[in-house]
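Work out the full structure: start from the sequences and follow the hints.
From first to last, the protein sequence lines stand for chains A and B.
Count along the first sequence from 1, then add 1422; that gives the number in this note's numbering.
Count along the second sequence from 1, then add 902; that gives the number in this note's numbering.
Simulated from the structure, these hints should not be mistaken for laboratory data.
Each residue gets a CB set at the ideal place from its N, CA and C atoms; glycine is no exception.
Any given hint could be a false lead.
[To be verified] Over 10 angstroms on every C-beta distance to chain B, these chain A residues come out as not near it, computed from the model:
#1 P1452
#2 G1453
#3 A1459
[To be verified] Here chain A is said to cover these stretches of chain B; the calculated rule only asks that three of the stretch's residues, wherever they fall, bring their Cβ under 8 angstroms from a Cβ of chain A:
#4 941 to 953
#5 1048 to 1057
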Amino acid sequence: MRTSVIAAATLTLACSAMATEGGFKLKEAPGLTQVQANCVACHSLDYVQLNSRFLDRKGWEAEVNKMVKVYGAPVKDADVPAIVDYLTREYGRQ
Amino acid sequence: MRRRQFLGAGGAALSAVAIAEFSPAVARTRLWQPDELADGTVESATLEALPGKVPLIKRSYRPPNFETPIEYFRTEFTPNDAFFVRWHLSGIPEVNLRDWHLKVGGDAADRGASYDMAALRRDFEVVELAAVCQCSGNRRGMFQPHVAGVEWGVGAMGNARWKGVRLRDVLNKSGVKPGAREVAFGGADGPAVATTADFVKSIPVEKALDESTLIAFEMNGKALPHLNGFPARLIVPGWTGTYWVKQLTDIDVRSTPQGGVWMSAAYRLPAGRFPAADRFPTQETAATVPITDIVVNSLVTSIRDGERFHMGQAIDVSGIAWDGGRGIRDVQVSTDAGQSWRPAQLERDYGPYAFRRFTHRFRPDRTGVYLVMVRAYNKRGDAQTMELVQNPAGYHHNVVQRLGLEVV
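Shown next, in the form of structure tokens:
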């Protein structure tokens, strides 16, 4: 238990450094925590802005699913709705 | 100094084109990007120098995906330090040449082998070939409607002189069994998490045995840059960059199709959408086929959309044309929105896989707007398309450019 708390804290620290790679930051909004926790292990977060704003909710959903199913991203199931909401609201086509 | 000049030149020709904001390190500089890119794509772009590189257009930091600014395409060969950078996986080790080995094996090879760099250079004839390496998704960012992925502009490509040994010679030394169908390639790079598939690509055995398919260790007379695959990469002339495996370590001669998402899910096109494309039968399904050869294309490098000229001034329409290895037959230029066309002059021929420069000069005889279009044809008669051929992953964008010029 203690180990996993430390591991989680270390991961959070690593994530916060990776979340600002190259000085780039995603918009502060609900869901950002889940995006950072699940996405930065594999890629920098500028991929999100790079792919904006042209995906609608279905489009962002498909991207998150592709990351999980095709590329094996270790995204927590419980975090998926918050991630999709965030991407759609902050970086989606309106 | 060189960088200042380059950045200054890049900004000077800007008018009605997209302009990106920059990080503080390169403040007050401007960067040309195609109008067709999405707003977020333009906003996220910066000009930044990776180790060993001049400032390139950043699309993503990790894995690093950086494209070559258009200024570098005014000549046939793309300098190593300006050559685009494209990685799928973020585990990119610095390969130490003393530890590096290239292993050859597989169920359809008679015997395995392992080479260090000295053995590779000693045991096989060293040859050199000029060829374009172009990412399958070059110009993806210009798709309308936009599709997800790395939103490249026009610079996910480059032309270089690749020096190395023929893959064919290396394979024949290990003995290729009659049942061989594909040859697969792996590199030293790896995924960030164990659940992501390693990047492994295969090509048909016939393509592997083509005399132009190389294992290259030099690029434009120098060792490959780390970010372009040091110490050795595969060169598959005419085919898109996805097959040009970097940091090459493993060659697998196979009697069965290579599996994995990088073959079965990524880099695929709807079946029948590009009927002239090279076939890759062992990887085809009823619904989709792997991307193979580069479609005929061109890029105007001398003028930009929205540029203004004065009456009486001669206007140079020049740039580069290339295809998947048939070679460029001609490049046609229109200055009246496609109503009439004239042939451009083709410059020196560096072989069927290389960029071919073209030039055309015209002198406007009236003021107003001129819509310039350039269309390349290869020796088989394939032409750039007038309208985008849609496909979900955003490959093979070779739509004729339309550049509006104002003459005052």
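Hints, verified against the model:
no.	hint	in the structure
1	P1452	holds, 20 angstroms
2	G1453	holds, 17 angstroms
3	A1459	holds, 13 angstroms
4	941 to 953	holds (count 7)
5	1048 to 1057	holds (count 5)
When held up to the earlier numbered hints, the structure conflicts with none and fits them all.
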